[in-house]
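Each chain, letter by letter, is given below.
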Amino acid sequence: MALDRPPFEDLYRDYLGRIYAYVRAQVGGSADAEDITAQVFMNAYQAYARFEARNTTPAAWLFRIARNATLDHFRAQGRRDRLRRTIERQPVSEEDPAHQAEERIQYRALLAHVAQLPERQRDAISLRHSGLTFDEVGKMLSCSEDAAKMLYHRALKALREVAQKEGA
Amino acid sequence: MSEPDEELELQALQRQLDDAFETTRPRAGFEDELWLRVQSSRPAPSRLRDAFSAFFQGIRAVPAVPAAAVATLLVVVIGVGIVAMSGLGRGGGAGSSATNRNLSAPAAGQLYAGNFGLVPTPVFNNGAKSSTSTQPTLPLGAADYPGSVQLTWAGKFDLTISTAPVFRYREPSTNDADQFATGLGAVLRERPSGFLGSYQASDYTLKVRGTVQSPPSSPAYFIFSSLSMPPVEAAGASPQDLADIFLAQHSLQPQWGYTVVIDSSSDPLKVRYQRQFQAPGYGAAYLVDGNGNRYGLEVDFSDNRPVLASGLLPVSFEQADYRIVSSDQAIHAALAFSGPAPAAPASPLPSVQLNQAELVYVLVPAGNHSFYEPAFLFSGKVQVNGQAYTKHILVPAVDPSQRTP
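So the protein lines, in turn, are chains U and R.
Sequential numbering of the first sequence, starting at 1, is according to the numbering used here.
Sequential numbering of the second sequence, starting at 1, is according to the numbering used here.
One thing to keep in mind: the hints can contain errors.
[To be verified] On the chain U side, residues computed to face chain R include the following (Cβ under 7 Å):
1) Leu16
2) Ala21
3) Arg24
4) Ala38
5) Asn43
6) Tyr45
7) Ala109
8) Leu110
9) Leu111
10) Thr133
11) Phe134
[Said to hold, decoys possible] Computed beta-carbon distance windows for the label pairs:
12) R:Pro348 x U:Thr133: 20 to 28 Å
13) U:Asp14 x R:Arg170: 39 to 47 Å
14) U:Asp72 x R:Ser326: 53 to 61 Å
15) R:Asn175 x U:Gly131: 44 to 52 Å
The set of hints was computed from the structure by calculation and includes no laboratory data.
Note that beta-carbon positions come from the ideal geometry of N, C-alpha and C, so glycine has one too.
With the sequences and hints as input, model every part of the structure.
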């Protein structure tokens with residue numbers, strides 16, 4: 001029932017940062033992350049009338065939209081080209097030196113490593129560290145809660161290897 | 001590596017990931033920029049639902065603040081239907097010749113472009129629907145308030161004018177937006193969806209938007225400060241002084257009549273310049289949105305640092321006088337928005353005594369040329385479950401014979 005829904009603006013203010021971080025971990029660069037985040041909330045707004053809180057949490061609902069938007073993005077652009085571009089270029093939003101410094105201390109490198117993982121591992125880590133439960137992660141990735149835990153654990157090990165390789 | 005060591009290393013990595021996801025956020029300004037885009041793209045019914053939702057949540061959130069306890073509950077009128085149902089405006093000589101006869105001559109010096117023909121009828125937020133219990137699409141109207149009210153008039157409203165000016169403007173183009181930005185020293189960066197342009201200046205981002213058809217929103221500019229935007233330094237200056245200085249520095253002083261309202265209840269502090277139109281024989285009439293809220297230009301400050309400025313994009317007006325309904329007709333139209341009889345006789349409708357009325361102006365988007373048209377804003381107080389509200393009703397002022405049906 002519509003009455004269960006919080007105002008969309010509340011949802012927007014509460015989740016914008018988390019959705020952005022999730023998307024950023026998927027695509028690696030802030031310019032693309034902004035574009036996709038914008039698309040996520042445009043789509044979410046258009047679909048909000050159909051959102052039913054009794055079926056899912058706002059977080060799971062929003063992250064599903066974010067995941068779909070990210071997959072669409074990769075499909076449209078080609079993941080390999082995207083990755084190369086985001087690694088090679090300075091993102092638009094990093095013009096401000098203060099912001100650049102902020103970015104550095106905000107674990108940009110770590111998220112860039114996450115972005116290099118295979119899709120499901122990337123998703124498992126990003127969704128989990130965006131605050132979703134393993135049950136929600138499993139539902140999102142069409143697997144059981146236990147399988148989500150295992151996938152996450154494997155992803156963590158893979159991430160450690162990537163980080164070590166990059167750091168070497 | 002031993003298993004315990006590996007486990008410790010993975011735990012450390014998890015903590016780093018937690019920090020990374022917790023601290024990675026979009027650049028400053030992105031949140032508000034995107035929200036504006038979302039707002040621009042919003043379908044009217046959902047926007048209205050959110051507005052009501054936020055409004056009622058606001059009431060719940062500040063029950064201890066007496067001033068905030070009197071919140072605004074809005075019912076807006078679609079005039080044509082009601083006027084038609086109530087019989088108002090009939091026999092008024094509808095037709096272009098009659099319309100022309102009733103148009104008064106413009107005052108000397110006015111930019112008069114002659115009759116605009118039938119002007120479009122304002123389509124407000126249609127709060128009238130929210131006041132009925134038969135509209136489930138407006139959830140919070142039904143959840144937090146029964147919706148329907150019984151309206152009575154207990155005020156004094158002697159309108160001495162029979163005509164009021166209607167203002168028309170051409171929809172601003174990307175060229176107009178570019179010229180405005182150039183005047184401020186900002187350079188075109190891109191043309192994002194929903195905006196005429198996005199521009200970059202040394203210490204802010206400027207976005208310019210045209211008229212939004214639904215819900216009606218005036219052409220506007222938005223200045224988002226970057227971190228390098230300096231605070232306005234003026235010892236002993238009032239918030240309005242600060243805003244005046246900032247606007248003067250950027251050549252953005254309002255070129256229209258206004259009153260200033262300061263909202264210092266939260267950070268950022270807001271200085272609002274509420275736009276007025278001059279109606280000969282009546283005086284200043286405020287520009288209001290579909291919720292009856294006055295607007296014009298706003299400068300937000302945080303520690304004397306301007307963080308956001310948003311205002312009406314300058315446009316050139318043509319002006320023509322139109323016959324307006326009498327005060328009696330306006331009151332009649334407003335009262336026609338009493339809710340239907342309740343299904344359960346045991347729950348009588350709340351009574352609202354409307355006791356104030358004023359002439360206001362509302363935006364009426366109409367494609368290439370849009371209008372600011374006169375309307376009447378009625379208000380009165382109502383108590384519901386111990387909670388005080390102010391109820392507003394907007395009624396179109398232009399005589400129905402001079403409006404499109």
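Against the structure, the hints:
no.: 1; hint: Leu16; verdict: holds, 6 Å
no.: 2; hint: Ala21; verdict: holds, 4 Å
no.: 3; hint: Arg24; verdict: holds, 6 Å
no.: 4; hint: Ala38; verdict: holds, 5 Å
no.: 5; hint: Asn43; verdict: violated, 10 Å
no.: 6; hint: Tyr45; verdict: holds, 5 Å
no.: 7; hint: Ala109; verdict: violated, 9 Å
no.: 8; hint: Leu110; verdict: holds, 5 Å
no.: 9; hint: Leu111; verdict: holds, 6 Å
no.: 10; hint: Thr133; verdict: violated, 15 Å
no.: 11; hint: Phe134; verdict: violated, 13 Å
no.: 12; hint: R:Pro348 x U:Thr133: 20 to 28 Å; verdict: violated, 48 Å
no.: 13; hint: U:Asp14 x R:Arg170: 39 to 47 Å; verdict: holds, 41 Å
no.: 14; hint: U:Asp72 x R:Ser326: 53 to 61 Å; verdict: holds, 57 Å
no.: 15; hint: R:Asn175 x U:Gly131: 44 to 52 Å; verdict: holds, 46 Å
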